[in-house]
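**Student:** Chain B: place on chain S using the hints.
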Amino acid sequence: VKRKQWPELAPALAVGFGLGLFVLLDRSMGQPANLVRILTQTLYLGLPAYAMVFLLMMGQIDLSTGAVAGLSAALVGNLIIVQGVAEPWALGLALVAASAFGLLNGWLVLGVGVPAFFATLSTSFVALGLMGLLLKSGLGVVNVTGQSPLLTSFSTSGPWSGIPWSFLLFGGLLVGGDLALRRTVLGPRLAAIGGNLRAAQSCGIHITLWRTLGFMGVSLASALAGLCVLGIGGGTDRNLGDGWALWIIAIAVLGGASLKGGVGSVLGCFLGALLIQVIRSGLGAAHIQTNSQGIVVGLILLGAASLDVARQRQRG
Amino acid sequence: MWLGNANVARLAKTPEVILAGFLLLLIGGIYLRNPVAVNWLTGASILRTMALPGLVALGMVLLMVAGEIDLSTGAVISLTAVLAAWLMKEISLPVGISFVVALGGALLVGLTNAGLTLRVGINSLLVTLAMQFIVRGVSYSFTQGVPIYPLPASVGFLGTLRPAGLSVAFWLLVGLTLIVQVVLTQTRWGAGLYATGGNVLAAQICGVHTDRTKTTCFVLTSLLAGTAGLLLMSQMPLPSGDPIFGRNLELDIIVGVVVGGVSLFGGRGSAIGAFLGVLLMQVIRSGLVIARFDPYWQVPALGIVLLGAVLLDVRRQQRTLN
Chain S
19 VKRKQWPELA PALAVGFGLG LFVLLDRSMG QPANLVRILT QTLYLGLPAY AMVFLLMMGQ
79 IDLSTGAVAG LSAALVGNLI IVQGVAEPWA LGLALVAASA FGLLNGWLVL GVGVPAFFAT
139 LSTSFVALGL MGLLLKSGLG VVNVTGQSPL LTSFSTSGPW SGIPWSFLLF GGLLVGGDLA
199 LRRTVLGPRL AAIGGNLRAA QSCGIHITLW RTLGFMGVSL ASALAGLCVL GIGGGTDRNL
259 GDGWALWIIA IAVLGGASLK GGVGSVLGCF LGALLIQVIR SGLGAAHIQT NSQGIVVGLI
319 LLGAASLDVA RQRQRG
Chain B
28 MWLGNANVAR LAKTPEVILA GFLLLLIGGI YLRNPVAVNW LTGASILRTM ALPGLVALGM
88 VLLMVAGEID LSTGAVISLT AVLAAWLMKE ISLPVGISFV VALGGALLVG LTNAGLTLRV
148 GINSLLVTLA MQFIVRGVSY SFTQGVPIYP LPASVGFLGT LRPAGLSVAF WLLVGLTLIV
208 QVVLTQTRWG AGLYATGGNV LAAQICGVHT DRTKTTCFVL TSLLAGTAGL LLMSQMPLPS
268 GDPIFGRNLE LDIIVGVVVG GVSLFGGRGS AIGAFLGVLL MQVIRSGLVI ARFDPYWQVP
328 ALGIVLLGAV LLDVRRQQRT LN
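Heads up: the protein sequence lines correspond to chains S and B, in order. So the number in the working numbering is just where the residue sits in the first sequence, counting from 1, plus 18. So the number in the working numbering is just where the residue sits in the second sequence, counting from 1, plus 27.
So here's chain S without its partners, still in its complex pose:
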């Protein structure tokens, strides 16, 4: 009898350990308001990582997440401030543009046959360049304070104080996604696509369609995360999304998704996002500057990837 595996156990323990450590070092970290803040902040990296879990399960990857987040925020800022487009239209257009971007990634990888790493790395540079063009008129900055009531209320206010609507949406997606992977045919279906392509084909699963949806989902989720950051900060600059791609993959892999495809966990991904957010808050509280934080990101990514290799060997 095969022992039941709990891929979520390791990140859960790590979250507890990390939080405990930081609370011991700095008591203010343990205050309820701070804990709620950390929880709600899991949205920014957690939402793209959530979509990445599905894509990784299907054996594909996307490195353009951060660039798409930055591009979407810049697009909305440009549309509202420079072009004078009404806010709902601007938001709708940005989400459509992000879906189209995901479609482009999907076409390059699935239609043309470019390896996903390279395809999405190239498109991320295209996105970064477009972001620069959109931010040009504001010399690299767009300020939407007071001009985007919809976005601001979506990302900052909610039915309960401290928990915004955006996080409730994320929570709903997490619960729905986790149930869908565990209880419905979606889980085995995605696992088949990533684990054994030929078997999935024989079973009549429309592989290209599902994978394309996966790419579009990641782009949409990244755009949504970027827009939420815009809504909270009231503006955007060229740094929005910088370095996100690595954090997002690290979160998904920490949560039990494999870079080789076939496995993934939504609950694990949420715990991974929580862990990363705890670490980021700790680094911020310790006043470690962004560029030096790269050391920690890189080490965590390498650790998560090594863990993934070890898990693969265990599965045989």
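Treat the hints with caution; some may be incorrect.
Listed next, with one range per pair, are the computed distances between beta-carbon atoms [stated by the list, open to error]:
(1) Lys-40/B / Gly-194/S: 48 to 58 Å
(2) Ala-218/B / Gly-261/S: 54 to 64 Å
(3) Val-203/S / Val-209/B: 50 to 60 Å
(4) Leu-68/B / Leu-39/S: 53 to 63 Å
(5) Ala-218/B / His-305/S: 46 to 56 Å
(6) Val-203/S / Arg-342/B: 50 to 60 Å
(7) Arg-342/B / Val-114/S: 37 to 47 Å
(8) Leu-50/B / Leu-227/S: 36 to 46 Å
(9) Lys-40/B / Val-114/S: 22 to 32 Å
(10) Asn-52/S / Arg-60/B: 55 to 65 Å
No lab work stands behind these hints: they were computed from the structure. Idealized CB from N, CA, C, for every residue including glycine.
**Tutor:** Just chain B now, kept in the frame of chain S:
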């Protein structure tokens, strides 16, 4: 008849010749938009600027022919410059020794990349992407983000030399390109390298030490990046170790190499192609400025050129497989 019609037709289809033709077209286009700016002075400046990414690209050719990649090169450029500058300023080590120690740092990065990729078994893209962040993080944390200067005057010696109007780095690049080309095409090691990238299993059966070959390539790439960092420091008007050195240079290097006909799938590529590819990148970058296009188009233009090159590469790969 070596120059028979069939040979000419085959030659005209090699990536190097297509690239050279494209370069000429591009220069013609720039000339039409701004005839005054197309002269020897601009050309020399482009050649001097391409020298540093070009040097790293030579290592990248070897690495990509072997089927691996390195995204940490830009960060290594900043690491060696910062490390050497720090040793000279804070410990007052002589210039030569500082340079050697800094290259030792680059060597260490190369060995780490190789170990994580080959021993642990993580995809080299992910390993070197993570190393890019780690190495640049180290550069920044040892300088607190500000350039280290002043440095001894002798640091700038190599950088200010202008043999034939060009730089030491450029002539080094020309020499190394020829050497790498000969190694790739005329030696047993080169043949083993192509075999490693083309079919690892077959190469191993034929007695090629594929892991050792790849490790050599990782180390050479890092060392070349380190050399580029030291040369860059030496070329600055006020020599300093600045952690921002080499930022996003990975893109120019990889795009150049891929445009130059090196395959993302391994097993294919040449040093001359990489040289021309990196030159093309620089001509596009400078050309956009000279031809009075918006400089904001530089990054998307490079992204689009990369996509185009990748598409061509995928087509070539599919044709080979069929």
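**Student:** Next, verify each hint and record whether it holds.
**Tutor:** Here is how each hint holds up against the structure:
{"no.": "1", "hint": "Lys-40/B / Gly-194/S: 48 to 58 Å", "result": "holds (53 Å)"}
{"no.": "2", "hint": "Ala-218/B / Gly-261/S: 54 to 64 Å", "result": "violated (40 Å)"}
{"no.": "3", "hint": "Val-203/S / Val-209/B: 50 to 60 Å", "result": "holds (58 Å)"}
{"no.": "4", "hint": "Leu-68/B / Leu-39/S: 53 to 63 Å", "result": "holds (59 Å)"}
{"no.": "5", "hint": "Ala-218/B / His-305/S: 46 to 56 Å", "result": "holds (54 Å)"}
{"no.": "6", "hint": "Val-203/S / Arg-342/B: 50 to 60 Å", "result": "violated (37 Å)"}
{"no.": "7", "hint": "Arg-342/B / Val-114/S: 37 to 47 Å", "result": "violated (30 Å)"}
{"no.": "8", "hint": "Leu-50/B / Leu-227/S: 36 to 46 Å", "result": "holds (41 Å)"}
{"no.": "9", "hint": "Lys-40/B / Val-114/S: 22 to 32 Å", "result": "violated (41 Å)"}
{"no.": "10", "hint": "Asn-52/S / Arg-60/B: 55 to 65 Å", "result": "holds (57 Å)"}
In summary, the numbered hints that this structure violates are 2, 6, 7, 9.
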